[in-house]
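First to last, the sequence lines map onto chains A and B.
Just so you know, my numbering puts 43 at position 43 of the first sequence, and the rest follows in order with no gaps.
Just so you know, my numbering puts 163 at position 163 of the second sequence, and the rest follows in order with no gaps.
Honestly, I wouldn't trust all of these hints.
[As the list claims (entries may be wrong)] Where chain B lies over chain A, by a calculated footprint (3+ residues, C-beta under 8 Å):
(1) 79-92
(2) 96-104
[Claimed, not checked] Derived BS3-like pairs (lysine-lysine); straight-line CA-CA distance at most 25 Å:
(3) K230(B) - K89(A)
(4) K89(A) - K65(B)
(5) K85(A) - K171(A)
If you are wondering where the hints come from, they were derived from the structure by calculation, not from laboratory data.
Note that beta-carbon positions come from the ideal geometry of N, C-alpha and C, so glycine has one too.
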Amino acid sequence: SKATVSVLYWKGGGERKMSIFAYNGGAMVAMKGDGCVAIASDNRFGTQFNTIGRNNVKHHQVGSRVFVGLPGLETDNQTLLAKIKFRMKMFRLREEREMPVKSATSMLGNLLYSHRFGSFFVEPVVAGIDEKGQSYVAGFDCIGSHVAPEDFIVTGTTQDSLLGTCESMFKPNMNADELFEVVSQALMASLDRDCLAGWGASVTILKNTGECITRQIKTRLD
Amino acid sequence: MSGRRFDSRTTIFSQEGRLYQVEYAMTAIGHAPLTLGMLTKDGVLLLAERPQQSPLLDSEEGLEKNISAEKLFMVDDHLAVSVAGLTADANTLINHARLTAQRYAYTYQEPVPIEHLVTVMCDIKQGYTQIGGLRPFGVSFLYAGWDNAHGFQLYHSDPSGNFSAWKANAIGQHTDAAQSVLKTDWKENMSMEDAMRLGCRILNKCQDGSLTSEKVEIAHMTMGDDGQPKFHICRTEEVDKVVKETIKQKEEEDKQKEKERREKQQG
Chain A
1 SKATVSVLYW
11 KGGGERKMSI
21 FAYNGGAMVA
31 MKGDGCVAIA
41 SDNRFGTQFN
51 TIGRNNVKHH
61 QVGSRVFVGL
71 PGLETDNQTL
81 LAKIKFRMKM
91 FRLREEREMP
101 VKSATSMLGN
111 LLYSHRFGSF
121 FVEPVVAGID
131 EKGQSYVAGF
141 DCIGSHVAPE
151 DFIVTGTTQD
161 SLLGTCESMF
171 KPNMNADELF
181 EVVSQALMAS
191 LDRDCLAGWG
201 ASVTILKNTG
211 ECITRQIKTR
221 LD
Chain B
1 MSGRRFDSRT
11 TIFSQEGRLY
21 QVEYAMTAIG
31 HAPLTLGMLT
41 KDGVLLLAER
51 PQQSPLLDSE
61 EGLEKNISAE
71 KLFMVDDHLA
81 VSVAGLTADA
91 NTLINHARLT
101 AQRYAYTYQE
111 PVPIEHLVTV
121 MCDIKQGYTQ
131 IGGLRPFGVS
141 FLYAGWDNAH
151 GFQLYHSDPS
161 GNFSAWKANA
171 IGQHTDAAQS
181 VLKTDWKENM
191 SMEDAMRLGC
201 RILNKCQDGS
211 LTSEKVEIAH
221 MTMGDDGQPK
231 FHICRTEEVD
241 KVVKETIKQK
251 EEEDKQKEKE
261 RREKQQG
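Okay, chain B solo, but in the shape it has when bound (with noise of 0.2 Å):
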């Protein structure tokens, strides 16, 4: 079998039709810092867990407050994303992204539509997987955005170069539990607050019920007063008020249940 010393190379299939390198990056994903993407009656929400900051870590102030933080980055006005997998790679798929956008607007005179830019990204990241012998990009994304064409649009893209359109979806670690909540929790046209929470208590419940606002970042992409689309990174502030409602939701719940457990347990 010495095809198989060959078939770990991103541009060979294996000897069962698969590509290795590509199966190895989604693995990498898989323990990434967990992301959620939920479309709501108000717009798109993007959640990401932040791992424990080092207290060393120099701050940033004095940027631009909605343009990026550590896992979601603004690509245009009308478009941004949220990342899991290797930081380096995304940062050169995200410049990429953002002169895509650019050079759509330059030649259109109009924001790229979201679909458009997905395709051009997932044409990058499929290249990579059949040309040239480099390895894939170890990045998924969650695209949030608004365009003409489609109002608000949530897209998972991953190291293959597939990519399809979500209501709601989660990538990173602890998928499978986020995702069957997901299913049973999210509603069609739930208000950005509730998907907040739910966003939170997900989060929450994958880190085994110790969420604090410095371990989330949440971010929304909705429509401006002036009729375009903003988006915007929440401050401090506002993590916080959510995480404390999420936490105070989380212990009634669990009050609730200790009282029914009693109950049954009496009679």
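Just chain A, with the same shape it has in the complex (with noise of 0.2 Å):
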């Protein structure tokens, strides 16, 4: 992404330019598994290369199986988290039953579409299991082109990273503990290396059950 913001004056004069999504940081992947996905974020909260946060988690339950990643500018995560909460509370009070992942994806997209020429500086993530107890992941440009591969998503400043680590350690229908085991594995490993996510890791575990546990992960915390 080009769009950038303001500037970073070094000591010898001159001045360094930041991707506009890499201000506040942050790592997110979603994974599926067999009849169990999971999703997982850093927990830095920064300002350019102040971390001011430990636990910023940046993941978050918006139905009872579904999870929206939001990983970009702080201020978009918030203002976009509190748009897809009144839109899923609307549906759910018109229709009477909880949006499915697949119309939260949708729903999603078209919200970040109609700021087309005034964008989100957010890419965000969606996880979540279908009404066939089938698990879902789907992931978007800052503009709400989205896409549901049959593996993973990965977003964040440690995207590239992160492509790389969970291409390798990924097997298709896993069970739970073998998705905590390899969503945490890689996220961690991509996390060390990027200094503007880490500071911990929150990994969530979502159950066509309904069943949730978000474990911490310990990680280097620098």
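Starting from two chains that each stand alone, build the complex the way the hints lay out.
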């Protein structure tokens, strides 16, 4: 992304530009298992190279079987989450059923596109269990195009590294315990190399029974 | 008296200073099935009379059970309403209420306070009595909710846009009889079960003793174990239990009265 935010002056003069998507930093993985899905994020909250928070989990449960991950510019994360919750609540009240994960994905894509020419600086992730009990993950760009692959989605400042670690560690139809191990190891391996993401990680496993467990992973704290 | 011809338009006063359309709306509501609300020790109770259901009506299996019944609707997790009047008008207003609640939650990141929502709804209703030449909404609501500032509350609003807070109230038909029973029998800090039986007793009285569980809907707003308010529409089994207990109570009272009458005759 070429959009830039202010500048960071070095001692010797000169400027350094950083992508607006990297301003607050963050890393996310969502991975499919057999009847279960994992969504994981780092815990860091910072402004460029300063860390100012260590318990900023970036994924949120917005429905009994739907999680959304928001790893971009923090102000946009917060507003998007509020907008998503609004829409999911109205859906539930009007239709008297919870919004399924695929509908939530389409809804989020539509929401992002409605700001096509003044976009949110977030590239969200959706993870959940569909009505048939199958796992589902989807990833978006900042203007709403989405894809739902068969394996995993990664996003955030650590995206490129995470693609490598997840690709090498992933295998299809893992059970909840295996999935937890793979996601944790893949995330940790990448976080250590990214100065904008880290300070611990949260990994949530959602099963098709509705059971949902979040574990905190201790990583390098820097 | 040519002014008379126009006095029936919503936005125009009559010669005696009345708004006929608003009064006609309230008359329409006076024909609607009765609905009651009561504050109790455990929360707020809403009861509604349900007219006879056709056996041809399709069931609503598979839907979430605590969002709506025929006359009772969730507006947000902490606020629900019961309706008396034109159902279509009610649906529009309830949609408005739901959107208003979500907009507040979006802006302030906390649930909408009950009185604020009631005020917004009443401002909408009032607008239809003054602007635009459209007819008023033919609906009265009982709002049952909980907020952090004032705890459990019950409000009533009518087509004029007027509202007030109540400890117990009845709207629809037979309200005179219902309210007189509420005045004598509703007690501060009643339990929810006692209130449900009182409500069913009132409904039974207004239906001339023919109450069955198909004819009543019961719902309540109480505090859940997690410290968050919970709206629950009673299932058939729960309603059955309350109706049975109410009928039994009435039979015992009737027997007692009969006994006393006979004793008085003999004495």
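How the hints compare with the structure:
Taking a C-beta to C-beta cut-off of 8 Å, the stretch 79-92 of chain A contributes 7 residues in contact with chain B, enough for the three needed, and the coverage statement holds. Using a Cβ-Cβ cut-off of 8 Å, 3 residues of the stretch 96-104 of chain A lie near chain B, which meets the minimum of three, so the contact claim holds. Proposed proximity of K230(B) and K89(A) is supported: the alpha carbons are some 15 Å apart, at most 25 Å. At roughly 15 Å between alpha-carbon atoms, K89(A) and K65(B) fall within 25 Å of each other, so this suggested pair holds.
Of the supplied pair hints, the one linking K85(A) and K171(A) is violated, its CA atoms being roughly 33 Å apart against a limit of 25 Å.
Figure legend: structure checked against the earlier numbered hints; the only hint not met is number 5.
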